[in-house]
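Chain by chain, the residues run as shown.
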Amino acid sequence: MNALVEAITDMREEDAVRTANEMLDRGTSPIEVLESCREAMGIIGQRFEAGDCFVPELILAGEILRQISDVVKPNVTQASDVKKIGRVVIGTVQGDIHDIGKDIVTFMLDVNGFEVKDLGVDVPMAKFVEAVKDFKPQVVGLSGFLTLAYDPMKNTIKAMRDAGFTGKVMIGGGQIDEQIRQYAGADGYGKDAMAAVALAKGWIGA
Amino acid sequence: MKIIGEKINGTRKAVAAAIANRDAEFIQNLAKKQVDGGAHWLDVNAGTHPDREVDDMLWLIGLIQDVTDVPLCLDSANPKALAAALSAVKKTPMINSISGEPDRLSNVLPIVAQHGCDVIALAMDDKGIPADVEGRMAVVRKLFDLTRSANVPDEKVYVDALVMTIATNTEAGKATLDTIRAIRSEYPKAHISLGLSNVSFGLPVRSLVNRTFLTLAVAAGMDTAIIDPNDRELKAALFATDLLLGMDKHCLNYTRAFRKGLLEAPKPLT
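Quick note, the sequences are listed as chains G and C, same order.
Just so it is clear: in the first sequence, position 192 is 182 by the working numbering, and no numbers are missing.
For the working numbering, add 448 to where a residue sits in the second sequence, where the first one is 1.
Isolated chain G (complex conformation) (with noise of 0.2 Å):
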């Protein structure tokens, strides 16, 4: 492990910013480090998994990438990025404010390579038929928590559809399983977001 995966995931903060920009001084290539923050959150995300770490470790590790991708993209002269495996829509339906379990899967879904829009909460089913249509996802994710959410999942797909989205859809959170998959509509659904991961490297191909 260089020393800039073991900062990352030791969430020392300060060290990781500072060595990636020591890295890029020396000469390493922007894309390296970009690799290594990668291996670092693929760590975290396991660890996360096994219940070593836990949701603000994660939020803290996106921090951390974030302060140094602003540090990274300027110097970055081609469009490659790291690249991504597939692209995914998430967001939280209409009249559910719930995104605790939707940052979580966004976050597996991401350090598993899938570059990941998400709408956040409370998302008229208009804004997630303009989203497949810009983004033009391989995957879309609804979450929702209360009952209330089951008939916006299934206005949301069915809305989706019409418009022509062929991708696949999955959902989750609270109680959802196989008879309200059925009942929206859905390609699938999972429990966690090890599930979701599952399903969209499935659906992908991958």
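In case anyone wonders, no lab produced these hints; they're calculated from the structure.
Here a beta-carbon is modelled for each residue, glycine too, at the ideal position from N, C-alpha and C.
There could be a bad hint or two in this list.
[What the hints assert, rightly or not] If we take Cβ atoms under 8 Å as the criterion, some of the chain G residues that face chain C in the derived model are: (1) 87; (2) 90; (3) 137; (4) 138; (5) 140; (6) 164; (7) 165.
[Said to hold, decoys possible] Simulated restraints, written as ranges between beta carbons of each label pair: (8) C:681 - G:154: 53 to 61 Å; (9) C:465 - G:0: 36 to 44 Å; (10) G:12 - C:576: 38 to 46 Å; (11) C:576 - G:167: 25 to 33 Å; (12) C:465 - G:63: 47 to 55 Å; (13) C:695 - G:-8: 52 to 60 Å.
[As the list claims (entries may be wrong)] From the derived model, a few chain C residues whose C-beta atoms are all more than 10 Å from chain G: (14) 495; (15) 539; (16) 557; (17) 594; (18) 621; (19) 643; (20) 693; (21) 697.
Given chain G's structure and the hints, the job is docking chain C onto it.
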């Protein structure tokens, strides 16, 4: 400290299964246990699809009322389910809840006023949960304007100061404690309730975070806890908190709780 027993909630897996399978014994045991644990109200949440909610609520209420007289706290945003439940309850219930959201107000407040119910009022509106005390108090003041206009006395209002998850916002605890203090000072006759478990989501040893927050909230002026009445450690913390705040004359509740074995984990048999 008044306790609303939170366990009969269909968003919890075991309860959802019991409702789906019509497992009457499970529900009635859960009701009895919570009453034994000192619940002053039993929260009832069918947690099911809006199409099934009326039937499920009526089934739950019937079962619970067969085994206890404790008043119910009807937990639903569905006015149909509330109306049906109101025709089935034997004692005037508490309604969980109204908030600043226009739908909730227009659908539920008239029911509260008409039946003389206690009501939990959430310090949030259709823009979401305000992050700080000023935002929450703005909603709370609007709510009291409306409850007072509907002739609902302050004493029947249980303001839920709301607590966000500390793992995603380290100011979340302070925002809630500030809100509790502000409500206590501006609306002295009203009650203040809190559902605790949000605060510890995403952290290890959640029970430690929850019961410490309970202690802080009681010190700030909270008087109604929405909790698991059978959580021994949480209840023990409540006894100690009331004691330390001068709310336990001659320390009698505390010593009685000790003799009932409520304060410590049972010693293993050797």
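Structure-based check of each hint:
1. 87: For residue 87 (chain G), the interface hint holds, since the closest Cβ of chain C sits about 5 Å away, which is under 8 Å.
2. 90: 6 Å, holds
3. 137: 6 Å, holds
4. 138: 7 Å, holds
5. 140: 6 Å, holds
6. 164: Since the shortest Cβ distance to chain C is 6 Å, the answer is holds.
7. 165: 6 Å, holds
8. C:681 - G:154: 53 to 61 Å: The hint (53 to 61 Å, Cβ to Cβ) holds, given that residue 681 (chain C) and residue 154 (chain G) are roughly 55 Å apart.
9. C:465 - G:0: 36 to 44 Å: Holds - the Cβ-Cβ distance for residue 465 (chain C) and residue 0 (chain G), about 42 Å, lies within 36 to 44 Å.
10. G:12 - C:576: 38 to 46 Å: Cβ of residue 12 (chain G) to Cβ of residue 576 (chain C): about 42 Å, so the range 38 to 46 Å holds.
11. C:576 - G:167: 25 to 33 Å: 27 Å, holds
12. C:465 - G:63: 47 to 55 Å: 50 Å, holds
13. C:695 - G:-8: 52 to 60 Å: Holds, since residue 695 (chain C) and residue -8 (chain G) (Cβ atoms, about 58 Å apart) stay within the stated range.
14. 495: 6 Å, violated
15. 539: 26 Å, holds
16. 557: 19 Å, holds
17. 594: 22 Å, holds
18. 621: Residue 621 (chain C) clear of chain G: closest Cβ-Cβ about 13 Å, beyond 10 Å.
19. 643: The claim stands: residue 643 (chain C) keeps its Cβ more than 10 Å from every Cβ of chain G (closest is about 14 Å).
20. 693: At about 31 Å from chain G, residue 693 (chain C) clears the 10 Å cut-off, so the statement holds.
21. 697: Consistent with the label, residue 697 (chain C) stays out of reach of chain G, its closest Cβ about 42 Å off (over 10 Å).
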